[in-house]
Amino acid sequence: MVQIDKADTAWMLVSTALVLLMTPALAFFYGGLVRNKNSLNTMMMSFVALGVVGVTWAVAAYSLAFGDGGPLLGSLAHLGLTGVGLEAKGTIPHVLFMVYQATFAIITAALISGAVVERMRFGPYVAFITLWTLLVYAPVAHWVWGGGWLMTRGVLDFAGGTVVHINAGVSALVAALVLGSRKDYGRQAVLPHNVPFTLLGAGLLWFGWFGFNGGSALAANELAGLAFTNTFLAPTATLVVWTLLDYFRTGRATAVGAATGIVVGLVAITPAAGFVSPAGALALGGVAAFPSYFVIALRSRTRIDDSLDVFAGHGIGGLTGALLTGVLAEKLWNPAGNDGLLFGNPAQLGLQALGCLSAALYAALMTFGILKVLGLVMSLRAVPRIEGVGMDVSQHGEEAYASGEGSILVPPDALVPEPLPAFTPQMASR
Amino acid sequence: MKLIVAIIRPDRLNEVLEALYRSEVRGLTVSRVLGHGGETERVETYRGTTVKVDLQEKVRLEIGVSEPFVLPTVHAILKSARTGEVGDGKVFVLDVAQVFRIRTGEQNEAAVTPAEPVAVSG
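So the protein sequences, as listed, match chains A and B. Counting from 13, one number per residue, gives the positions in the first sequence under this note's numbering. Counting from 6, one number per residue, gives the positions in the second sequence under this note's numbering.
There may be inaccurate statements among the hints.
[Unchecked claim] Subject to a maximum C-alpha distance of 27 Å in a straight line, what follows is the list of computed DSSO-like cross-link-like pairs (lysine-lysine):
{"#": "1", "chain 1": "B", "residue 1": "Lys84", "chain 2": "A", "residue 2": "Lys195"}
{"#": "2", "chain 1": "B", "residue 1": "Lys95", "chain 2": "B", "residue 2": "Lys7"}
{"#": "3", "chain 1": "B", "residue 1": "Lys84", "chain 2": "B", "residue 2": "Lys7"}
{"#": "4", "chain 1": "B", "residue 1": "Lys95", "chain 2": "B", "residue 2": "Lys57"}
{"#": "5", "chain 1": "A", "residue 1": "Lys101", "chain 2": "A", "residue 2": "Lys18"}
{"#": "6", "chain 1": "B", "residue 1": "Lys95", "chain 2": "A", "residue 2": "Lys195"}
Hint data in this document are derived by calculation from the structure and do not stem from the laboratory.
Here chain B stands alone, though its shape is the one from the complex (with noise of 0.2 Å):
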């Protein structure tokens, strides 16, 4: 049982979102941050005013799921994300110490889902 949590363009979010879908990984949290990686910084100009936007917008997603999810989840991040150009995100795998689903009170595997993968194309 994993956290993973990956930083994204957010103009990629939709392509991201539907090859999760795909990969049958269900439920997930999406926030929206501010960040860099490094990459080449934009400059804009409101009249007199010249500004290097240093910190871009990303879309943070944090995703719980069971040890056969993980590779899965990952490899239709790193695919669907991608762009190749600097500034395309990082994702980030973490142990997690235990889950509790609310509802249930259901524990650990049994609280992400699902437990296992059906298919997996991604």
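Here chain A stands alone, though its shape is the one from the complex (with noise of 0.2 Å):
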């Protein structure tokens, strides 16, 4: 039996707590994007998956990705972490793997926020994300991880292009559609409120993010070196194509668009961590820049409100990255990988191909089943005057940046605890 090994178990112990951190770096980025009024609420749409499917994952949904089952689902074995101890998986403790992937399942729920921002009422968001772990996030992470059907055919996700981005992606987008555009999309200007939060966001996604792919190798070796080389200079590749687009189409180098250059290169290398030279990660993140660019560009044109280009930042960033990876993996920098199309293995874009269209179908379908039925025993989205008002006063009570001038102290015992009547939905249609 393989025996724990304490540096691998060092490393892993912090590449968690890293992961971790990037879904408060998520509450930042996407909180700048969006107006004053939304701004709390956008970040709680962050913040409460870390309770929600943290408590989901634990409960049944690591059981349902990793335990031993078939090729489409896991088992029950470990349905309220039952046999989850300190026995060695890999060559670290199993609590401590089942801790290090529930942050995976919880930045991955929290991404798909972003397309519903600033008109998704909270309780029915909660509710999503909960069933979404349940039903997507598992079973895709069974399928590409646990040892399920992809995993056997040899598709390559080091740490987590389909898993992670394709599936939060797409998800995004049937999101955005079942949803419908907020009332003012398209009508006025929506400008983010807070650059400089943006800008935070995405420095600490970054350096989340060689916990996310450094720590993929599931231990402190050669290929967690690699995968963490491979994180810094991919984004670094896109940062620069990136920036060279913003200036050369619009004549500036923007704030926004480099945090955004920086998170696309971050998710394309994703998949590819593990199984590519530096020099090819170098080039998978420069040419990742393209398509997310014009996807973004393209996608402000229609009446689809992706409010925050979910589905063009993960979903074509994860999509090109996965590809890129059968295109440029070497095994000789990876001998449990394979090699690519230039190495002379055409096979593995297909097999890739077959991961990104298994994963986005199956994300898609199931997305828009869960929204319609969650839709038929509540209202997803808050009514136009509500939106008008803003999210965070009628959802949480709360104002980001209130002054408290024109506020009264209401002392502990006089407090009316129901909720006012201006904010319940049926007072307030127009």
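Grab the two chains, each in its own frame, and use the hints to assemble them into the complex.
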């Protein structure tokens, strides 16, 4: 039996904390891009995933994803973390492996929120990400990482290009279509309220991503070093290319563009990080800027209100990365991987396409189904009047930048706990 | 020649500006203000601190118009600012003693734009 390795365990402890930090980072990235009146709600959509997806993962989703099962789904053996103990899983304690994977499930669900911000009600959103984690994330994670059918066929996905990014990106697009666009979309300028937040978020995402990709080696070894290096190199190239595209198309290098370029580079290198050479990572990062850049430009001319371009960034970025993995992968760098198209194995590209297509199709169908069923029992979005007032005050009873002017302190014993009629949907229809 | 002062909800500002534009009303001043018109107070809670927000954010529009524009302007605002709930705001129409346009020194009717309504759709 394989023993627990102390160095591996130390690196995975650090990696797990790094990946968990990506969800608050995403909250800042997204929170800066929305209007002042919706900024807390947008950030809460990420933060709440730390809670509900974390619990869902421990209670059932981990077992469905990583329990020994068939080609399509894990088992129920680890429900409520039964049998998840201190024994070795690979070379690290099983409990640590479970938490590391939990941090992936959390950020994947939170990524979807970018498509439905400024209009989706908080309760239905929480219900959605809970069901989505069980019914979409867990099965797809099983297919690719848990011994499922894509894994046995040899689809390469080092740290989650398919499981995390294509999965979340396609689900986001479907969610945006089911919800419909914001009432102001295409009618008035909807501008980011705090671009520094977005830059801060992008920077912290990059930092956390070293754990996301570097940790996906599940060991403190050469492979982790390669994935770590590629996680540095690819976004540098994407950032340069994105900024040049911005400069030549608009005459300015924009800050929101830089933040987006970094994230797209990180997304694209995710499936490839442990399979391609550092030079390959640079090329992959540079190339990955183009599809996402132009999909954003095209999308914003349509009626599709994927508000924060989750599909362009994560869906298209993930697709580019997954396909390029099938082109640039080299056994020389990772014997456990495979050669890609450039190294005499064109079949790998086909396998990668199969992985992308099946994950995209499944995510789209299931997201549509979950939202339609939820829509039968609750209204998914706020009425226009509430949307106008803003989601911070209506969903959370707080403001991001409250001045306190004109506010009267209510003594604790005078509290009236019932919600105010002005903010119930029934009263607010116009 | 009148000064129209309107207090409206901030989230209706874009609709109001659009309606005024359609009614050919040009030239106005917008300010963010605090106030309340008897709407239900809002309760916000920050950990242990619960407050009633007594003064709501509002937007004040000031528009100087010639006589033929008074009603079209008022109608445009009434139609576009209304949600039907308490707190939609007020429109005041005030007499103005004199108006000067700083750039040209024009006075009164000539100093508010435009002098005649072109097409009223609002």
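Against the structure, the hints come out as follows:
| no. | hint | verdict |
| --- | --- | --- |
| 1 | B/Lys84 x A/Lys195 | holds, 18 Å |
| 2 | B/Lys95 x B/Lys7 | holds, 16 Å |
| 3 | B/Lys84 x B/Lys7 | holds, 20 Å |
| 4 | B/Lys95 x B/Lys57 | holds, 23 Å |
| 5 | A/Lys101 x A/Lys18 | holds, 13 Å |
| 6 | B/Lys95 x A/Lys195 | holds, 25 Å |
In this structure, none of the earlier numbered hints is contradicted; all agree with it.
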